[in-house]
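Peer 1: Chain residues, written in single-letter form:
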Amino acid sequence: MLLGPALVVSAILFSIGVAGVLLRRNAIIIFMCVELMLNAVNLTFVALAQQLGAEGQVIVFFVMAVAAAEAAVGLAIVIAIYRHRDTLDLQHINLLRG
Amino acid sequence: MIQAAFWFLAAVSILGALLCITRKNPVASALCLVLTLFGLAGMFVLFDAHFLAVLQIIVYAGAIMVLFLFVIMLLNAGRPGTPGDMRGTAGKITAVVMGGALIAELFALRRLIPADSFRLPAGMVADLTAQRGAVEVVADPLFHAYLVPFEITSLLLLAAVVGAVVLAKRKL
Chain A
1 MLLGPALVVS AILFSIGVAG VLLRRNAIII FMCVELMLNA VNLTFVALAQ QLGAEGQVIV
61 FFVMAVAAAE AAVGLAIVIA IYRHRDTLDL QHINLLRG
Chain B
99 MIQAAFWFLA AVSILGALLC ITRKNPVASA LCLVLTLFGL AGMFVLFDAH FLAVLQIIVY
159 AGAIMVLFLF VIMLLNAGRP GTPGDMRGTA GKITAVVMGG ALIAELFALR RLIPADSFRL
219 PAGMVADLTA QRGAVEVVAD PLFHAYLVPF EITSLLLLAA VVGAVVLAKR KL
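Sequence order for the protein chains is A and B. Quick note on the numbering used here: the first sequence kicks off at 1 and runs consecutively. Quick note on the numbering used here: the second sequence kicks off at 99 and runs consecutively.
Isolated chain A, as found in the complex (with noise of 0.2 Å):
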C-alpha cells in the first residue's frame, strides 16, 4: 500500500544523489552521493520486496557488501590521489584529460 509513495521518495532521493555528483567538486562528497544513490536503489528493492518475495532483501544484501567494498577502495584511492596531488579537489585532478 505503501509502494508508490515508496518509489516517489526512492526517485527523490536518487536525483538528489546525481545532482550532488554533479554539483560538487570535492572527490569524498561524491562518493557520499554515490552512497546516496545505492540506498535510494535499496529502497526501491525492499519495498518491492514487501509484494514480489523476500528474494529482494537478498539483493539489497549484495548491494550493501558491494558498497562496503566500493568505499573501501574508493577512499584508498582518494588517499593515494591526495598524496601525491595534495588536493581533493576533482578540477585538479584531470591526469587522463586529453
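The hints are simulated quantities; they were obtained by calculation from the structure and are not laboratory data. It is possible that part of the hints are untrue.
[Claimed, not checked] Listed next, the stretches of chain B that the computed footprint assigns to chain A, with coverage defined by at least 3 CB atoms under 8 Å from CB atoms of chain A:
1. 158 to 168
2. 191 to 205
[Claimed, not checked] Residues from chain A that keep clear of chain B, each with C-beta distances beyond 10 Å, as calculated:
3. ILE93
4. ASN94
5. LEU95
6. LEU96
7. ARG97
[To be verified] Derived, one-sided and incomplete: chain A residues facing chain B with beta-carbon distance under 7 Å:
8. LEU13
9. SER15
10. LEU23
11. ILE28
12. LEU36
13. ASN39
14. LEU43
15. ALA47
16. GLY53
17. ALA54
18. VAL60
19. MET64
20. ALA65
21. LEU75
22. ILE79
For glycine and all other residues, C-beta sits at the position ideal for the given N, C-alpha and C.
Starting from the structure of chain A, add chain B where the hints point.
Peer 2: Chain B only, in chain A's frame:
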C-alpha cells in the same frame, strides 16, 4: 499510523540528503547523510525488512560512514578557511536540470506497476517474518538459491581489503 511514520521518515531522509549535498563542510555532509541512512532504516522496518534495517544501521551508519569520517579527518578536509567545492552557476544549473529531468523520468516509470500474477498476497512477507524470524527470511534464499553469489561476495571483499591496503599504503 504507518502512513504517518512513513512520511515522517521520508521527509527526514530527503531533508538529510538535501543538506548532505549543500553543506560546505564535508563532516557536516557526512553527518547529514547518516540522518538519511537512519531514515531509510526506519522505512525498511515499515516494509517488513527488520534484518536489513539493523544491517543498514550497523554496516552503513556504523562502518561505512565511520570510514568516510575517518578519511575526512585524516586528510583534514573540513578545516576552516578551505574554499567551497560547489561548481559555478553553470554547474549548478546543470545539476538542477539533470536532477529534475531524472525525477521526471522516474515519475513516468512509476506507472509501471508489477503484474498481478507476480504479486504475493498482501502481508505475506510480514507473516513469513512473524513465523520464521526476521533473519531466516533473508538467510534461507541467501544460503540456498544465492549461495554462489554469496561466496563470490566474500572473494570481492577479500580483493577489496587487499586493494585498499595496497593503494593506501605509502610504501610496501
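Peer 1: Please go over all the hints and tell whether each is borne out by the structure.
Peer 2: Verification of the supplied hints:
1. 158 to 168: holds (count 5)
2. 191 to 205: holds (count 10)
3. ILE93: 12 Å, holds
4. ASN94: 15 Å, holds
5. LEU95: 16 Å, holds
6. LEU96: 17 Å, holds
7. ARG97: 16 Å, holds
8. LEU13: Hint on A/LEU13: holds, closest Cβ of chain B at ~5 Å, below 7 Å.
9. SER15: 4 Å, holds
10. LEU23: Constraint on A/LEU23 satisfied, holds at 4 Å.
11. ILE28: Nearest chain B Cβ about 6 Å off; hint holds.
12. LEU36: 6 Å, holds
13. ASN39: 5 Å, holds
14. LEU43: 6 Å, holds
15. ALA47: Holds. Min distance 5 Å.
16. GLY53: Holds. Min distance 6 Å.
17. ALA54: OK, holds: A/ALA54 within 7 Å of chain B, min 5 Å.
18. VAL60: Nearest chain B Cβ about 5 Å off; hint holds.
19. MET64: 5 Å, holds
20. ALA65: For A/ALA65, the interface hint holds, since the closest Cβ of chain B sits about 5 Å away, which is under 7 Å.
21. LEU75: 5 Å, holds
22. ILE79: 5 Å, holds
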